[in-house]
Amino acid sequence: MEPGLLQIVMLVVARELRLAVRHWDQVVQPLIFFVVVTTLFPLAISPSLSELRNIAPGVVWVAAMLASLLSLESLFRPDVEDGTMEQWALSGQPLALLLLAKTVTHWLLTGLPLVMMAPWMGTALGLPVSVWPVLAGSLALGTATLSILGAIGAALTVAVRRGSVLLALLVLPLEMPVLIFGARAVDLATHGEAVAGPLNLLAAMLLLCLALGPFAMSAAMRVSME
Amino acid sequence: MVTLAEVSHSLSTTAGLEVRGLHLWRGERHLLRAVSFALQPGELLQVVGPNGAGKTSLLRCVAGLIEAESGEIQWQGAALRTNRDAFHRQLAYLGHINALKAELTALENLRYSVGMRRQVSLEQTQATLARLQIAHCADLPARSLSAGQKRRVALARVILSGASLWILDEPITNLDVDGIACVESCLAEHLQGGGSILTAAHQPLLEHHPQSRSLRLH
Amino acid sequence: MWLWFYKLASPPYAYAIAARWRPWLLWSALILMVISAYGGLVLAPPDYQQKDAFRIMYVHVPSATLSLSVYVIMAVAAGIGLIWRIKLAHAVAAACAPIGAWFTVLALATGSIWGRPMWGTWWEWDPRLTSELIQLFLYLGYMALRSSFDDTQRADRAGAILAIVGVVNVPIVKYSVVWWNSLHQGPSISKLGAPSIASPMLWPLLLMMLAFMLYFAAVLCDRVRAEILRRERNASWLASVAAGT
Amino acid sequence: MSEFFAMGGYAGYVWSCYGLTLVILAGNLWFSRRELKAQIQRATRRNQTAETP
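Chains as they are written, first to last, in my numbering: chain Y, 4 to 229; chain C, 41 to 258; chain P, 166 to 410; chain E, 77 to 129.
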């Protein structure tokens with residue numbers, strides 16, 4: 004009779020994907036934002052690729068961070084406003100698992116496309132093609148961590164009017180280590196140096212967030228729904 | 041103040057829901073003052089009182105959405121705080137808002153919300169929708185339904201959840217006359233099946249039902 | 166064994182203790198400050214490298230240490246408040262935040278002023294100053310989140326969750342900033358820390374640290390009392406306690 | 077005495093730091109005190125209204 008936890012997760016993922024298909028614009032917008040922000044820097048700094056090359060890793064990563072922050076608005080707010088989150092909290096199923104499933108699906112819809120788009124933007128900023136795997140790899144690990152930390156911030160600020168600025172103020176300081184290791188990994192790759200160190204640390208941070216994040220999310224959500 | 045005389049009950053309290061000395065503040069206002077009541081299987085308790093008396097807060101508090109400042113809520117003898125998930129598996133809560141996704145159809149909404157709790161066949165879902173006279177809305181997106189139809193889809197979720205305790209906040213808002221009659225028959229059927237109902241509404245529900253009582257909040 | 170814990174947690178009792186301890190803490194802090202300031206400014210010999218500029222250390226290092234330890238105290242109090250639902254612990258966490266934030270501002274200001282003669286610029290992305298800056302963002306984030314809830318109970322619990330997530334992040338931030346900085350300059354030449362310290366230079370620093378901690382405890386007493394009153398539904402016991410001391 | 081205040085040429089830096097410390101510590105103390113006074117008044121006023129419903 005009772006659905007198992009895996010079935011519950013599948014149900015959540017299925018619902019999110021179905022909703023995403025019907026809200027395609029919300030999925031594409033962060034991507035467009037990512038491209039637009041990345042094109043600002045050549046305009047602001049200089050058209051010469053040689054100059055852009057040494058700031059390219061930082062630019063791509065900062066743009067990815069801001070795009071992930073932008074997409075957080077649509078993570079929990081619609082569910083809290085239409086009451087479905089309340090039903091999740093009262094379903095008797097572990098809310099941490101439900102929110103984790105929702106955040107992972109959100110990452111699949113916003114983080115992964117970002118990872119696939121980043122190499123093109125990197126090349127546009129003069130990064131050699133040899134850097135693509137490290138760029139995609141570090142962004143894959145990094146955007147997942149950003150999604151979880153962002154989800155905690157989103158859960159904390161979902162009940163706050165005009166909470167998006169507050170969300171950025173809460174989440175960006177927590178995400179700075181991800182930026183440091185992510186941008187550094189790509190920078191090392193462009194100089195052909197070993198990138199194992201920062202990538203391992205990115206993976207370690209992701210595991211830490213996967214382990215502790217969901218409990219912070221569910222506690223924060225229960226407070227926000229009071 | 042609620043005097044115990046108003047809410048007398050003799051049966052043992054281990055089977056149902058027991059609330060003792062519930063206090064709740066909203067900002068500076070002392071909303072719930074030592075609210076106490078018991079709800080046995082097969083009983084309906086309707087919370088009545090003027091607007092702003094704290095009916096919704098009481099229901100959300102009992103459901104576990106709000107933490108009371110002090111007081112004790114027990115479900116089947118155990119404190120709510122210790123076995124919250126088990127309590128929630130036995131609870132179906134209907135709030136002011138209908139908890140429906142506008143983009144999903146009525147059937148999809150029910151599949152994703154009831155599916156969290158138990159396997160429900162398509163026929164069972166369609167039968168419940170037919171019972172609530174909205175069988176024709178099954179495949180329409182919730183966005184295009186009227187307020188009354190949305191309320192019936194939310195009530196269908198409560199019925200399909202198979203929970204023994206129903207907490208319904210203004211269940212019959214936006215419903216027309218035969219909608220109310222239909223809901224009252226569902227409530228009576230649930231009571232007959234040994235379920236219990238805690239509800240807040242302005243007009244009395246199942247007034248002449250033997251197991252129906254009321255709790256006045258000031 | 167737990168009796169004292171719950172006795173302490175009852176607001177009137179904690180309020181009375183804070184009222185009684187505050188003058189002692191404050192006066193001992195002020196006296197120690199004067200002594201260590203005298204020791205640091207007059208008795209300690211000038212540093213062979215930085216000459217007299219190093220005396221800024223006597224205010225920078227204590228406030229930097231306090232800015233971190235106050236955050237940890239805040240997170241522990243928040244954790245206790247969240248797990249055991251003790252309102253007093255939330256009151257302590259709420260009281261710690263502004264004090265810690267001001268210590269961080271002080272550490273940042275004195276750090277950059279100290280850096281001016283050494284590095285020639287007002288701001289240097291030195292690992293200590295950078296993690297101090299991120300620490301300030303954590304404080305500001307905590308206080309901004311608290312103020313966005315009008316219900317104190319929800320502000321307490323939301324703030325507690327953020328404080329706990331933040332305290333887990335503090336070592337990560339410190340380590341990543343040091344790692345990030347060391348990549349550029351190799352072993353850090355900008356030694357903002359205490360120079361190799363001879364004892365006449367050392368005891369004023371330790372005394373000043375103690376003085377700052379006592380000062381923190383004294384101000385905390387006041388703020389906790391205010392936070393207790395903010396959360397107390399009927400503070401009828403207030404009249405009986407020596408009000409206003 | 078004057079070379080004490082000169083601080084080996086770093087007078088501006090050292091004294092601005094100590095001055096800033098004094099300002100922040102004193103300010104913090106004063107504001108906490110004021111906040112406590114305000115809360116005490118609010119609580120006693122609330123007690124009075126509570127006693128005379």
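If you're looking for bench data, these hints aren't it; they were derived computationally from the structure. Here the structure is a predicted model, which is why all the values come from computation and not from measurement. Heads up, some of the hints might be wrong.
To be verified - Facing chain P, from chain Y, some residues (calculated, C-beta under 8 Å):
(1) Val24
(2) Arg25
(3) Asp28
(4) Ile155
(5) Leu159
(6) Val163
(7) Leu172
(8) Leu177
(9) Met179
(10) Pro180
(11) Phe184
(12) Ala206
(13) Met208
(14) Leu213
(15) Ala223
Even glycine gets a Cβ: it sits at the ideal position worked out from N, Cα and C.
Each hint, compared with the structure:
1. Taking 8 Å as the C-beta cut-off, the interface hint given for valine 24 (chain Y) is violated, the closest approach to chain P being about 33 Å.
2. Interface hint status for arginine 25 (chain Y): violated, as the beta-carbon distance to the closest one in chain P is roughly 31 Å, over 8 Å.
3. For aspartate 28 (chain Y), the interface hint is violated, the least distance from its beta-carbon to any beta-carbon of chain P being 29 Å, above 8 Å.
4. Interface hint at isoleucine 155 (chain Y): satisfied, since its Cβ lies 6 Å from the closest Cβ of chain P, which is below the 8 Å cut-off.
5. At about 5 Å, the closest approach between the beta carbon of leucine 159 (chain Y) and any beta carbon in chain P falls short of 8 Å, and the interface hint on this residue holds.
6. This hint holds: valine 163 (chain Y) has a C-beta 4 Å from the nearest C-beta of chain P, less than the 8 Å allowed.
7. The beta carbon of leucine 172 (chain Y) is positioned within 8 Å of a beta carbon in chain P (closest approach about 5 Å), and the interface hint is therefore held.
8. Taking 8 Å as the C-beta cut-off, the interface hint given for leucine 177 (chain Y) holds, the closest approach to chain P being about 5 Å.
9. Given hint, methionine 179 (chain Y) at the interface with chain P, holds; its Cβ is 6 Å from that chain's nearest Cβ, closer than 8 Å.
10. The interface hint given for proline 180 (chain Y) holds, since its Cβ lies 4 Å from the closest Cβ of chain P, which is under the 8 Å cut-off.
11. Below 8 Å, beta-carbon pairs count as interface contacts, and phenylalanine 184 (chain Y) has one with chain P at about 6 Å; its hint therefore holds.
12. A cut of 8 Å between beta carbons decides the hint on alanine 206 (chain Y): the least distance to chain P is about 14 Å, and the hint is violated.
13. Hint status for methionine 208 (chain Y): holds, given a least beta-carbon distance of 7 Å to chain P, under 8 Å.
14. With 8 Å as the threshold, the beta carbon of leucine 213 (chain Y) stays out of range of chain P, its nearest partner Cβ sitting at about 13 Å, so the hint is violated.
15. For alanine 223 (chain Y), the shortest C-beta to C-beta distance to chain P is roughly 5 Å, which falls under 8 Å, so the interface hint holds.
When the structure is compared with the earlier hints, violations turn up for hints 1, 2, 3, 12, 14 and for no others.
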